[in-house]
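According to numbering that gives the first Met the number 0, the stretch in the sequence shown is residues 0 to 685, in order.
Bear in mind the hints are in silico, worked out from the structure with no lab data behind them.
The calculated SDA-like cross-link candidates involving lysine to any residue, where the alpha carbons are at most 25 Å apart (straight line), are:
#, residue 1, residue 2
1, K235, P151
2, K75, T143
3, K453, Y227
4, K3, P63
5, K224, N116
6, K37, P151
7, K322, A379
8, K408, T359
9, K660, D602
10, K453, E284
11, K301, S446
12, K391, S418
13, K174, G431
14, K544, L498
15, K567, E501
16, K339, D397
17, K301, A349
18, K301, H326
19, K235, M449
20, K224, I448
21, K626, M325
22, K601, T631
23, K235, R136
24, K322, L600
25, K408, L355
26, K601, H620
27, K22, Q51
28, K301, P452
29, K391, G310
30, K88, S10
31, K322, G630
32, K391, T357
33, K453, L622
34, K544, G515
35, K3, P151
36, K660, N218
This structure is a prediction, so every number in the text was calculated from the model and none was measured.
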Amino acid sequence: MINKELLQPESIVVIGGSNNVHKPGGAVVRNLLQGGYKGALRVVNPKEDEVQGIKACHDVQGLPPTDLAILVVAAKYCPDYVEMLAATKQTRAFIIISAGFSEETAEGARLEERILNTCRRYGCALIGPNCIGLLTRWHHSVFTQPIPQLNPQGVDFISSSGATAVFILESAVTKGLQFNSVWSVGNGHQIGVESVLEYMDEHFDAERDSLVKLLYIENVGDPDKLLYHASSLIRKGCRIAAIKSGSSESGSRAASSHTGAIATSDSAVEALFRKAGIVRCFSREELTTVGCIFTLPRFTGKNFAIVTHAGGPGVMLTDALSKGGMHVPPITGEVADSLKARLLPGSSVANPIDILATGTAEHLGIAIDYCENEMPDIDAIMVIFGTPGLVKIYEVYDVLDQKIKTCRKPIFPILPSVSTAGPEVQQFLSRGHVNFSDEVTLATALSQIMRTPKPAPPEVELYGIDLVRLHQIILGITENGYLQPPLVRQVLECAGIPLVPELVSTSKEELVAFAGEVGFPVVAKVVGPLHKSDVGGVALNVRSKEVLSAEFDRMMQIPDATAVMVQKMMRGTELFIGAKYEERFGHVVLCGLGGIFVEVLKDVSSGLAPLGYDEVYSMIHSLRGYKILQGTRGQQGINERKFAEIIVRLSTLLRFATEIKEIDINPLLADGDQVVAVDARIRIDK
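Could you build all of it, start to finish, from the sequences and the hints given here?
See the structure below:
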């Protein structure tokens, strides 16, 4: 729970506050004083009579009633302090900086549970333990540096890790990113990242609150809560970016399907973020860069003009933007001729617009004005301007400051000389601007923002799914494990997924007759062994009854063979769809190209069931092999709408069938207008 005593305490006591500002207890007191806390500030220290000008109490008994307590003492003392303060001093909010709790030992976990029980009993808010504290415009209850510039329009930052929060703040401060609040939740067993988002969502005021939220998450404790409140905030006008650490797995684990091998807990996180509309980041620099972009005016286009006085960075930025799906269109014709005439001889206006190393503040202003007023196809402007240290460039940054404040199009300042032109950059930042010192990092962050879809609608559409038949099929299954092909076919039919004509039988004559009906060539597959190809259980392009009869006899001799399946032979682009049930998240749905693309390259996208069409199109478009789906070198592209429809239908079916733990449709064959499922496996665990 988050209460007024935590957010706007009229009185604060620091248990363990001291005169030594090089220790956490002293640093907390210093930051509260320097932060201008206006309430009653108290300190408990058994050995000091005065702490940083504040009269100290030697024990808790000497305190008057106090709203918020900050504990900076050994873990073993914390439960008793919390009990005494809650019971006798009406303290209803606690920030426990101390470590040594559930993150370390079983004894520490017991100490933490005592604290949690006390807070439940008295209705107290608890931040921590094992955190750096809480930083707001009301009180600076942290022991760390740096303290960023705070204002209501700044960023709300929530972090699972205290040390990581400090490093992210370091990265942000150098860019000029300002903050509204910083939450370090530590162990977070009462107030975690999801709880803070919940509070911000339920108390959101568009006129007063920050519209940017940055998250550092070590563990998604409540995926549903995170999804609900993050997507709700984004729909209300907020923008959210997050790092989820711990995305890799050491070694490879054995799995019985492509889906099992590829789908990991990180796939679930990726899917959750996509569904919520959260921009996923993978480093501190990327997170703070995205945060800086969020502070600039929104724009929807993808066409950029680059104004620079250094050719190399302009080229690297052009490459990075193009790689991320954005454009740096050429500037030609009368506009180009007119602009070139007003710049120094030798300047280039092709885009990037290179005003040369000798270009002045006036030339920069001219180039920006042309991009703003004479180039309607340009959506945003990127300005790269540093210095080799020969002259001061205050005047250049004065012009940039003015243009950012007056231009309708967003301007991205890339000021690389943070050391050589340090004073000039700092003056520029002090005017409320941000700085992207590295052009490639900026382009990467922009592309990540562009690829992130809007939050998915919360409503579930049934899309004609036959739920009654689905539940009858599942009720009739008596054993866990992989379903036999006829049952697999029945489940897919419940979702309306097109299937290739097939027959499973132990009768050679029946299979030969079926092949004659659907027409040769056909495919023969052994039934029983899980990995058919590995045991020689697949025969393609069977063109006659005699060959089919011989293949039947051979396959029935394969160990564990129970039958043979015959399918109509089809050709086309191989596609893949899979899904795996993840505890707490639900079904993670994967899609991609089939064959080598899924087996070796693992070129897949993930989404969280149930999926809407916008989500699925975003998944498909994010594939590295998407151009193959569009059609390359004269090959016909696939019917993307039908591929998306099958993914949506399957994800909806899975929403109502948690007994399905793994499903693998590989391949689907896309040929012209058709997309047909050829082979599938389904694992049930009831």
